[in-house]
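Okay, here's what each chain looks like letter by letter:
There are 2 protein chains.
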Amino acid sequence: MARDPFVVVGGDAAGLSAASKFRRETDRDVVVFERGRWISYAHCGEPYFVEGSVERLTDLLSLSPADVAERGIDLRREHEVVSVAPGDRTVTVRTHDGTVEQPYSELLVATGASATTDPFDTTLDGVFTIHGLDSAAAVDAFLTPAGEYDRGRLGDGPVDEARVDHNAALDPPERAAIVGGGYVGVEMTEALTARGVDVHLFQRSEHVLPPFGTSVGERVESHLADRGVTVHTGRSVEGLIGDGRIEAVAYDGDRLAVDMAVVGIGVEPNAAILDGTGVDRGPGGAVHTDGYGRTSLPAVYAAGDVATARHAVTGEETWVPLGLTANRTGRAVGATVAGDPTPVGDVAGTAVVKAFDMECGRVGLTDEAAARAAGFDPVSATITAGSRSGYYPGGDETTVTLLADRTSGRVLGGAIAGRDRAAVRIDTLATAIGGDLTVGKLERQDLAYAPPFSPVWDPVLVAAKVVNGRLDG
Amino acid sequence: MARDPFVVVGGDAAGLSAASKFRRETDRDVVVFERGRWISYAHCGEPYFVEGSVERLTDLLSLSPADVAERGIDLRREHEVVSVAPGDRTVTVRTHDGTVEQPYSELLVATGASATTDPFDTTLDGVFTIHGLDSAAAVDAFLTPAGEYDRGRLGDGPVDEARVDHNAALDPPERAAIVGGGYVGVEMTEALTARGVDVHLFQRSEHVLPPFGTSVGERVESHLADRGVTVHTGRSVEGLIGDGRIEAVAYDGDRLAVDMAVVGIGVEPNAAILDGTGVDRGPGGAVHTDGYGRTSLPAVYAAGDVATARHAVTGEETWVPLGLTANRTGRAVGATVAGDPTPVGDVAGTAVVKAFDMECGRVGLTDEAAARAAGFDPVSATITAGSRSGYYPGGDETTVTLLADRTSGRVLGGAIAGRDRAAVRIDTLATAIGGDLTVGKLERQDLAYAPPFSPVWDPVLVAAKVVNGRLDG
Chain B
428 MARDPFVVVG GDAAGLSAAS KFRRETDRDV VVFERGRWIS YAHCGEPYFV EGSVERLTDL
488 LSLSPADVAE RGIDLRREHE VVSVAPGDRT VTVRTHDGTV EQPYSELLVA TGASATTDPF
548 DTTLDGVFTI HGLDSAAAVD AFLTPAGEYD RGRLGDGPVD EARVDHNAAL DPPERAAIVG
608 GGYVGVEMTE ALTARGVDVH LFQRSEHVLP PFGTSVGERV ESHLADRGVT VHTGRSVEGL
668 IGDGRIEAVA YDGDRLAVDM AVVGIGVEPN AAILDGTGVD RGPGGAVHTD GYGRTSLPAV
728 YAAGDVATAR HAVTGEETWV PLGLTANRTG RAVGATVAGD PTPVGDVAGT AVVKAFDMEC
788 GRVGLTDEAA ARAAGFDPVS ATITAGSRSG YYPGGDETTV TLLADRTSGR VLGGAIAGRD
848 RAAVRIDTLA TAIGGDLTVG KLERQDLAYA PPFSPVWDPV LVAAKVVNGR LDG
Chain C
428 MARDPFVVVG GDAAGLSAAS KFRRETDRDV VVFERGRWIS YAHCGEPYFV EGSVERLTDL
488 LSLSPADVAE RGIDLRREHE VVSVAPGDRT VTVRTHDGTV EQPYSELLVA TGASATTDPF
548 DTTLDGVFTI HGLDSAAAVD AFLTPAGEYD RGRLGDGPVD EARVDHNAAL DPPERAAIVG
608 GGYVGVEMTE ALTARGVDVH LFQRSEHVLP PFGTSVGERV ESHLADRGVT VHTGRSVEGL
668 IGDGRIEAVA YDGDRLAVDM AVVGIGVEPN AAILDGTGVD RGPGGAVHTD GYGRTSLPAV
728 YAAGDVATAR HAVTGEETWV PLGLTANRTG RAVGATVAGD PTPVGDVAGT AVVKAFDMEC
788 GRVGLTDEAA ARAAGFDPVS ATITAGSRSG YYPGGDETTV TLLADRTSGR VLGGAIAGRD
848 RAAVRIDTLA TAIGGDLTVG KLERQDLAYA PPFSPVWDPV LVAAKVVNGR LDG
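Quick note, the sequences are listed as chains B and C, same order.
If you read the first sequence in our numbering, its first letter stands for residue 428, the second for the next number, and so on.
If you read the second sequence in our numbering, its first letter stands for residue 428, the second for the next number, and so on.
If you are wondering where the hints come from, they were derived from the structure by calculation, not from laboratory data.
Being a predicted model, the structure only gives us computed values, none of them experimental.
Take the hints with a grain of salt, since some may be wrong.
Note: identical chains are not told apart, hence a pair may lie in one copy or across any two.
Computed cross-link-like contacts, DMTMM-like style, restricted to lysine to aspartate or glutamate with a CA-CA straight-line distance of at most 25 Å [unchecked claim]:
id	residue 1	residue 2
1	Lys-781	Asp-561
2	Lys-781	Asp-847
3	Lys-781	Asp-899
4	Lys-781	Glu-695
5	Lys-781	Asp-501
6	Lys-781	Asp-494
7	Lys-781	Glu-633
8	Lys-781	Asp-823
9	Lys-781	Glu-744
Produce the complete structure using the sequences and hints provided.
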């Protein structure tokens, strides 16, 4: 009797990376269930589609169903896995034609994450989360004068036509509130500003982009203000008010009249299909996994935004849903299930974000409180240094925050902001963390220098010099 | 009796970094002898001054004599140290007023390197090496129509007026030969093209920028050709021909009429002041130093372009004269002499260069022959990958060559070329080498991803995936 197939739940980055790698390594069958109509699309590109720098919605697709079939993957769209029976090694799948049981030899849960909206009423017209191509299409249609939407923008894909039609018929907004100053909030601020909307960005805590720390937050706020954005930090939006269509946001006892709102307050793992299985959970309710993507259930793996990972700095379990991790962990599980045990790798929480001309990066632990909470004795510094030799035109002040542990000297994390090649520099710190470098050793790294690209002492090295000096103190 | 001073020979990057760090750490005296009139200037900026992107020659100065005095450093310009008597701990110094003996408690030789010119006649008008501010000023004056030189370009510094006057009176060139396709050659190609000169670049070996390897060389040659440069690779220039002023270059039995030539065929260490001392020499005739910058002579240190260093990949002694190394090793020696023993750090041969819009980087060992010669069993790959998500505008194909050792899996080196933030990415590889990462671990590094800055798999990760796959094979 043939073995049951490798079953993958979720047809995006982690799921299709796993299935593709698996098929490259074996002749065994793999079935991918995707509850929606879209597969393999770039979540991270949605703000740039809205902004207009991406021409067509379908430019955000990576693999087509035909590409997937060509790889020998049995892809079934609009098939929703609703439960897992780990004892029987079966999943229950809901389709348009009813419910079926599918046995598996190994199961990968790659169901991703969804935008959190609680406590906001996102059913009002003009209120959006940015999560999935249908929401990006809806926003794009909404931003266009009523009746003038160019459907060529959508390309040829399985878009939610009714939702596009509904939004295309509405009057476009003049003023938008962005609720939440994380990645999505900042990127949508740029996108909506580019589309001519007056944007008010609300962030509950003291600074936007909290994971990037204060030094980055301050530079981004200043840059957003320069571009005409009104930034409300330390302001909690309590509700979205309207009758049919949004009319205002309520915050801290005040109100601001708006005719659009984007809610970007976070994501939560789509882990409900494992409810009732007794699977171990980790931070954020994500599915606990080990160094090979294994969950606590036999033959059940998890990868991507639904799964936890080990943090490269703390060694603790963490949940950082991001694109590279989804691709890498999915690919590793595909190899492991195919018979080549492959570590999924640690996450360092590396992230970069663009806010107009400002480039920002972060990695590891970016503030002393977080470092202390993780058991370290942090020493940190924030410096600014030129991105190029001072005499060479086109450079910009680059701000670097760097943290190290006083006891071991290890680099714990950092953040970078600046307009000239600042973001890519975070990879130097990420790799320093990956190599367990002390800040003293980081200071002695032979980094690149040429006047158009760096001063003699790269901003990262300047920060290392200062932190290393404080370590000795 | 007071101790004799710390004596530093050379008033540029290494020497003044050492003296400055020393004075920050102690109250002891430090004397810096500089044979020329200029101090603390940016060699690497000279092509950009010639190009016109740096407004004034003196913009290339970092510290003024007054800044140096303010740091408590006894700087003596136009004082040439001609010999060292290590037994007596004295140096002999030639000045305009004769020769004096200066005792030292510790000595730092930071005399730098000079451009090699053999076998070329560089006394002809129109023939230049680019080494020092006076040569940059001379070229700038030469490129300007006779009699029209704007002396405001020079700023207020101790320039060689006679040399400027001589060149300003000559007719500007129409066609230049650049002899040597290294950094200086490529940067001067860009600079002279920007000044309207028809440039012919001659490189003896098969590709320009030999230390960057074939993949980078090919891209740069193609890009130079796109910009109207005539690139002659595999062509040896045998002589510069002319009577008073250069009229032609002779190469491989052929001739090309030119009215300017720039000779950029390499540099040699200015180590002659140690002749007769029996000091140990290393590669290229540079002064042998250990991990703290000590030479084989008691109390004599060397740093910067005159000194050898340990290679981060091979562990062998090497000579790679570059700007960051000069600053870092000088600073470390200053700290060590002041009583805080500080390693000078290894060099990985990290370098970046700009050729018009093309950004190039290299680190470690960039070709299999060099890796085999160093005792490794190299596995390598050259890949191209986008610098941004494919749907995001403004990206460019980035070429990455990566080498690893089959036995240990260690990353040995690599090279990068591309038009979009390619050069800074070499720091990721430099740090991977600094952290002794295997290519498998590099593949799992949590590097940054956002559509404007990187595809999900950064080009460096794509290269690591391919090389790691070949390691297993």
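Results of checking the hints against the structure:
no.: 1; hint: Lys-781 with Asp-561; result: within (23 Å within a copy, 43 Å between copies)
no.: 2; hint: Lys-781 with Asp-847; result: both (12 Å within a copy, 15 Å between copies)
no.: 3; hint: Lys-781 with Asp-899; result: neither (35 Å within a copy, 38 Å between copies)
no.: 4; hint: Lys-781 with Glu-695; result: within (23 Å within a copy, 45 Å between copies)
no.: 5; hint: Lys-781 with Asp-501; result: neither (37 Å within a copy, 48 Å between copies)
no.: 6; hint: Lys-781 with Asp-494; result: neither (31 Å within a copy, 39 Å between copies)
no.: 7; hint: Lys-781 with Glu-633; result: within (20 Å within a copy, 41 Å between copies)
no.: 8; hint: Lys-781 with Asp-823; result: both (15 Å within a copy, 18 Å between copies)
no.: 9; hint: Lys-781 with Glu-744; result: neither (28 Å within a copy, 43 Å between copies)
Of the numbered hints stated above, those contradicted by the structure are hints 3, 5, 6, 9, listed in ascending order.
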